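According to numbering that gives the first Met the number 0, the sequence shown is numbered sequentially starting from 0.
Don't read these hints as lab results, they were simulated from the structure.
Any given hint might turn out to be false.
[Stated by the list, open to error] Keeping only pairs whose Cα atoms sit at most 25 Å apart, straight-line, the calculated PhoX-like set for lysine-lysine is:
(1) K6 x K113
(2) K103 x K113
(3) K6 x K101
Source: prediction; values computed, not measured.
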Amino acid sequence: MQIEVLKSKIHRATVTSADLNYIGSITIDEDLMDAAGIVANERVYIVDNNNGERLDTYAIPGERGSGAICLNGAAARKVYVGDVVIIMAYAHIDAEEARTFKPKVVFPEPVTNKL
Numbered sequence: 000m001q002i003e004v005l006k007s008k009i010h011r012a013t014v015t016s017a018d019l020n021y022i023g024s025i026t027i028d029e030d031l032m033d034a035a036g037i038v039a040n041e042r043v044y045i046v047d048n049n050n051g052e053r054l055d056t057y058a059i060p061g062e063r064g065s066g067a068i069c070l071n072g073a074a075a076r077k078v079y080v081g082d083v084v085i086i087m088a089y090a091h092i093d094a095e096e097a098r099t100f101k102p103k104v105v106f107p108e109p110v111t112n113k114l
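Could you build the full structure based on these sequences and the hints that come with them?
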């Protein structure tokens with residue numbers, strides 16, 4: 000049997016920009032994506048610690064080392080610049096494997112989002 004488990008988490012990143020007119024997604028510094036094991040176009044879930052909003056979208060890589068966390072499209076109406084967010088991705092794995100599986104969790108520096 001397969002179950003869904005937390006695979007990747009970027010914990011408490013600061014939103015650096017928002018682009019309402021972009022087609023959609025969240026732009027994430029590629030260094031953060033790599034560290035968390037999130038790949039381009041992967042579905043991610045976002046929780047805004049400031050206002051409680053929860054949403055899902057897909058990740059696109061941003062400039063390496065930039066600390067970029069940019070909400071694009073309609074998500075820019077739910078999450079604002081300066082808000083602190085948790086970005087998560089899940090995977091389906093065998094239930095037995097899930098007993099010992101450890102997700103990749105990244106704790107970026109406050110404000111700069113650097114590793």
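Violations among the numbered hints: Violated hints: none at all, because every hint is consistent with the structure.
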